[in-house]
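Trainee: Guided by the hints, dock chains B and C onto chain A, whose structure is given.
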Amino acid sequence: MKTYGMRAAMVAALSLSMALPAVAAPVKPNYPKAIGKGEGELNIVAWEGYAQDDWIKPFEKESGCHVNRKYAGSSDEMVALMRSGGGGQYDLVSASGDATLRLIYGGDVQPLDVKLIPAWKDFLPNLQSPPYNTLKGLHYGLSYEWGPNVLMWNADKIKEAPTSWSAIYDKTYAGKITVPDNPIQIADAALYLMKTKPALGITNPYELTQKQLDAAVVLLKEQRPLIKKYWALASDEIELFKNGDAVIGAAWPYQTNALKADKVNVMDTVPSEGATGWADSWMLSAKSKHVMCAYKFLNYVSSPKVQAQQAIYFGETPANPKACSEMDKIEAGSCEKYHLNAPASYYKQIHFWQTPLPTCTNGKRDCTSYGDWQKAWQRVKG
Amino acid sequence: MERRSTRVMLAIWTVLVLVFLFGPILLIAVYAFNASNVQGWPIHGFSLQWFPKTWANAEVRAALWLSIRAGLVATTIAVALGTCAAFAVHRGRWRGRETLSFAVVLPIALPGIITGMALNSFFVFWHLPLSYWTIVIGHATFCIVIVYNNVLARLRRVPGSLAEASMDIGAGPWMTFRRVTFPAISTALVAGALLAFALSFDEVIVTTFTAGAQNTLPLWIFGAIRLGQELPEVNVIVLAILVVTAVPVWFAYRVTQDR
Amino acid sequence: MAHAVSGTGRAGRLGSLLWRRPGLSLAGLVLPPVAWMGLIYIAALAVLFIAAFWSVDDFTGEIVRNWTFANFQEVATSPIYQKIALRTVAMAALVTLTDAILAFPMAYFMARIAGPRLRLALITAVVLPLWSSYLARVYAWRLILAHDGVLNWALRGLGLPGAEIGYTNTAMWIVFSYIWLPFMIMPVYAALERIPANYFEASQDLGGRGMRTFLKVVLPLSMPGLVAGSIFTFSLTLGDYITPVLVGGPGSDFIGNVVYANVGVANNIPFAAAYATVPLVLMAVYLWLARRVGAFDVM
Numbered sequence: 001m002k003t004y005g006m007r008a009a010m011v012a013a014l015s016l017s018m019a020l021p022a023v024a025a026p027v028k029p030n031y032p033k034a035i036g037k038g039e040g041e042l043n044i045v046a047w048e049g050y051a052q053d054d055w056i057k058p059f060e061k062e063s064g065c066h067v068n069r070k071y072a073g074s075s076d077e078m079v080a081l082m083r084s085g086g087g088g089q090y091d092l093v094s095a096s097g098d099a100t101l102r103l104i105y106g107g108d109v110q111p112l113d114v115k116l117i118p119a120w121k122d123f124l125p126n127l128q129s130p131p132y133n134t135l136k137g138l139h140y141g142l143s144y145e146w147g148p149n150v151l152m153w154n155a156d157k158i159k160e161a162p163t164s165w166s167a168i169y170d171k172t173y174a175g176k177i178t179v180p181d182n183p184i185q186i187a188d189a190a191l192y193l194m195k196t197k198p199a200l201g202i203t204n205p206y207e208l209t210q211k212q213l214d215a216a217v218v219l220l221k222e223q224r225p226l227i228k229k230y231w232a233l234a235s236d237e238i239e240l241f242k243n244g245d246a247v248i249g250a251a252w253p254y255q256t257n258a259l260k261a262d263k264v265n266v267m268d269t270v271p272s273e274g275a276t277g278w279a280d281s282w283m284l285s286a287k288s289k290h291v292m293c294a295y296k297f298l299n300y301v302s303s304p305k306v307q308a309q310q311a312i313y314f315g316e317t318p319a320n321p322k323a324c325s326e327m328d329k330i331e332a333g334s335c336e337k338y339h340l341n342a343p344a345s346y347y348k349q350i351h352f353w354q355t356p357l358p359t360c361t362n363g364k365r366d367c368t369s370y371g372d373w374q375k376a377w378q379r380v381k382g
Numbered sequence: 001m002e003r004r005s006t007r008v009m010l011a012i013w014t015v016l017v018l019v020f021l022f023g024p025i026l027l028i029a030v031y032a033f034n035a036s037n038v039q040g041w042p043i044h045g046f047s048l049q050w051f052p053k054t055w056a057n058a059e060v061r062a063a064l065w066l067s068i069r070a071g072l073v074a075t076t077i078a079v080a081l082g083t084c085a086a087f088a089v090h091r092g093r094w095r096g097r098e099t100l101s102f103a104v105v106l107p108i109a110l111p112g113i114i115t116g117m118a119l120n121s122f123f124v125f126w127h128l129p130l131s132y133w134t135i136v137i138g139h140a141t142f143c144i145v146i147v148y149n150n151v152l153a154r155l156r157r158v159p160g161s162l163a164e165a166s167m168d169i170g171a172g173p174w175m176t177f178r179r180v181t182f183p184a185i186s187t188a189l190v191a192g193a194l195l196a197f198a199l200s201f202d203e204v205i206v207t208t209f210t211a212g213a214q215n216t217l218p219l220w221i222f223g224a225i226r227l228g229q230e231l232p233e234v235n236v237i238v239l240a241i242l243v244v245t246a247v248p249v250w251f252a253y254r255v256t257q258d259r
Numbered sequence: 001m002a003h004a005v006s007g008t009g010r011a012g013r014l015g016s017l018l019w020r021r022p023g024l025s026l027a028g029l030v031l032p033p034v035a036w037m038g039l040i041y042i043a044a045l046a047v048l049f050i051a052a053f054w055s056v057d058d059f060t061g062e063i064v065r066n067w068t069f070a071n072f073q074e075v076a077t078s079p080i081y082q083k084i085a086l087r088t089v090a091m092a093a094l095v096t097l098t099d100a101i102l103a104f105p106m107a108y109f110m111a112r113i114a115g116p117r118l119r120l121a122l123i124t125a126v127v128l129p130l131w132s133s134y135l136a137r138v139y140a141w142r143l144i145l146a147h148d149g150v151l152n153w154a155l156r157g158l159g160l161p162g163a164e165i166g167y168t169n170t171a172m173w174i175v176f177s178y179i180w181l182p183f184m185i186m187p188v189y190a191a192l193e194r195i196p197a198n199y200f201e202a203s204q205d206l207g208g209r210g211m212r213t214f215l216k217v218v219l220p221l222s223m224p225g226l227v228a229g230s231i232f233t234f235s236l237t238l239g240d241y242i243t244p245v246l247v248g249g250p251g252s253d254f255i256g257n258v259v260y261a262n263v264g265v266a267n268n269i270p271f272a273a274a275y276a277t278v279p280l281v282l283m284a285v286y287l288w289l290a291r292r293v294g295a296f297d298v299m
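Protein chains in written order, with the numbering used here: chain A, 1 to 382; chain B, 1 to 259; chain C, 1 to 299.
The list that follows gives simulated cross-link-like pairs (lysine to aspartate or glutamate, DMTMM-like), each with its CA atoms no further than 20 Å apart:
{"no.": "1", "chain 1": "A", "residue 1": "K61", "chain 2": "B", "residue 2": "E59"}
{"no.": "2", "chain 1": "A", "residue 1": "K364", "chain 2": "C", "residue 2": "D57"}
{"no.": "3", "chain 1": "B", "residue 1": "K53", "chain 2": "A", "residue 2": "D54"}
{"no.": "4", "chain 1": "B", "residue 1": "K53", "chain 2": "A", "residue 2": "D53"}
{"no.": "5", "chain 1": "A", "residue 1": "K157", "chain 2": "C", "residue 2": "E164"}
{"no.": "6", "chain 1": "C", "residue 1": "K216", "chain 2": "B", "residue 2": "E2"}
Covered by chain B, per the in silico footprint, the following chain A stretches (three or more residues, Cβ under 8 Å):
{"no.": "7", "region": "60-74"}
{"no.": "8", "region": "224-235"}
What follows is a set of in silico ranges between Cβ atoms, one per label pair, in the way DEER data are often shown:
{"no.": "9", "chain 1": "B", "residue 1": "I68", "chain 2": "A", "residue 2": "M267", "range": "45 to 53 Å"}
{"no.": "10", "chain 1": "B", "residue 1": "M167", "chain 2": "C", "residue 2": "P32", "range": "18 to 26 Å"}
{"no.": "11", "chain 1": "C", "residue 1": "D148", "chain 2": "A", "residue 2": "S166", "range": "23 to 31 Å"}
{"no.": "12", "chain 1": "C", "residue 1": "F72", "chain 2": "A", "residue 2": "A155", "range": "49 to 57 Å"}
{"no.": "13", "chain 1": "C", "residue 1": "K83", "chain 2": "A", "residue 2": "K115", "range": "49 to 57 Å"}
{"no.": "14", "chain 1": "C", "residue 1": "L160", "chain 2": "A", "residue 2": "G201", "range": "52 to 60 Å"}
{"no.": "15", "chain 1": "C", "residue 1": "F72", "chain 2": "A", "residue 2": "K115", "range": "50 to 58 Å"}
{"no.": "16", "chain 1": "C", "residue 1": "F72", "chain 2": "A", "residue 2": "N362", "range": "32 to 40 Å"}
{"no.": "17", "chain 1": "B", "residue 1": "A58", "chain 2": "C", "residue 2": "Y199", "range": "56 to 64 Å"}
{"no.": "18", "chain 1": "C", "residue 1": "F72", "chain 2": "B", "residue 2": "A165", "range": "55 to 63 Å"}
Calculated from the structure, these hints are not laboratory results.
Even for Gly, the Cβ is constructed at its ideal location relative to N, Cα and C.
Just chain A, with the same shape it has in the complex (with noise of 0.2 Å):
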């Protein structure tokens, strides 16, 4: 019997080496004339706290498509699923920057036609056409919303505010101190690094020379024993400050905004080093089935209401500026607390996330790649 499962697998073989493309490339735009009626269902990949009932509920019942949520909690997973099976699984994702360009390339994602999408002529004028989700002037994302990574700490437990990473990075709180479960958080320890050792010449936490990811390796090691747990879900964060086995870590805002939600007392600040950050796309699959009803996502959440909605619950700043009033009114003060009134400044504050290349900004090829960032963060959670 064992003949016919080898032919099989032979067979199976030899035409796979065949069959699969040889090169992926960046899709070319196939707009749709008009948005017309919906198909009826919306497959989404989202991260968590981006598909909340209070903003997808009203959607389903206004536009008739019934939305599939899928949650994920990195940039690296986002990729995965809307490759998964061969891609087309999802019609949608929140990508962020260090995922756009990854997607586009690989032929993952098709242009949109902005002028279905009227709310894009209002969004923060460098949102409209960022160079990490526009190329050659195709706009294979609609930006949406962008924040930092902040320092959070349980302020029952530490009483003093602390200004710097340098928290998570000595030994005051050892064991009681959560990180990110990810390869991009070595950019955090290279901004670190970046202040406290100007002497290792880190000019871009993205962009990293071979002698640079060792420093930054090293640190990480060092900090590898402080650590309780590196978080996977931002639910094991929350979890970790709400059971009492951590009391400060590397967190997003919306992890400070469900602990508070939850009645435990944390507080959080982005430090004097600066932060990483993300700025995120709706991004459409090259192979979507469901196109019409994903264009009245995109126009839904583009509006000031929607946008105000996410930015409060997630705790980050909306694309769109007409968003400041609906936020005020959501909660007052908000807008100023986001910095949607003075948006730029605080703009360049932020190192957003982006997908380490080998080849450097200045041309030269001995930058790092994003594959070995994934190896070295191998090595340093061990």
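Mentor: Chains B and C alone, transformed into the frame defined by chain A:
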């Protein structure tokens, strides 16, 4: 017989293992009645509010229904193929018999992540979009062995002379199967099918790789756990499924016990 | 039985045909499961295994179909992947041992001491946890073992110092042993139940007492059950990647986590496939050995 002290010690050990097995489940059950949606300990107030809320959740119902449909079809396939394989292996020695018994066990003996990855790349390779059917194929593949084992174990206990006697008194092979062999293995089939369904119903790892955008119940639960906002509903679901399945499971094993 | 004697009807004729040609009916039985396993499962495994010899272009992230041993070389030589493989296997072995120790006395009690009604209740109780979500049960342990969790609450209530077990490899050991325990109890019970009662008595009649009966008669005869159970506990632990994420701490990554990260994250399916051959080979050897002790008969 064992000495009295041995028997008492074994009984105590059994009780302790049961406590270990049901402690966490008890905790889940208690949290299903927690008034707050924050899972802190100790619990400050009790309420029944999560039961209607869970039932009203359309996503939960869709996921439950998908899991039931996938489990039923996968179990049916597994019963058919597993029974075939068991009879074939029981039929005596033939070339490839050992290979078949080995291949059937593989999907459950190999780590789930390998099975999942392999099936996933296989579907991608044949350009099969992930769907309800890819879930069913994945589940059926690792459920075959459960039915196979149950039926084979039973066939080994049924004396072959019974079927021969039936043929001797003139019953045809089909009649022999229907009147003699099938009744002899039917309870094994029930037990095997039940366990196969349970396995399919709670499978996460292989399903992660073979389900597309739809959620089976375990995938929905994983989503709820990672989001951390619908945990009371997860507890309600677990408790409800336990309550609903306890009696059928008990009954199925009772049937298998009286032979 | 007149109907039976005549053996009429299409089914009857088919049955007689199959009876006269045993080869034909055997083929009819063999073909469906073989086709399913061969065309779907074995073929899928082959596709995966072949991918392990390919590589990924560093710049475009595309799979390059040049034959290379580079992935295997990295698995074999990189200390970090060795460490993770070792951790995974050690944990799987430890969990298997723990479950065997927990399961055996209980299975013995069920098979030899409990009356029919109690036995039925116990079987149901052992199988029932399989019907409550595996994820929810793992998650419950997180609530139990956390710093301010149920366990420490109980310990402090007794005036004892709290235990810091949450998010460690110890937590993983407890949770894995817990989750897979029913998979050990059932086959061990099945093996013990099969030992005829007169074996025990015969051995005692010949002067074998307690421990001796156990070592010379019971243990060898229950070996297939223990091995069958160990296949489940060992392989289920070996292939898990969710429990380490939920209850593990820093330094709790398993082979499954690396594989999962490489499949999704780096889109490096070739490397993931190469690393996945570690548990694949381990289990193949394990199964081969297990079959020799007759473990497949009591699974």
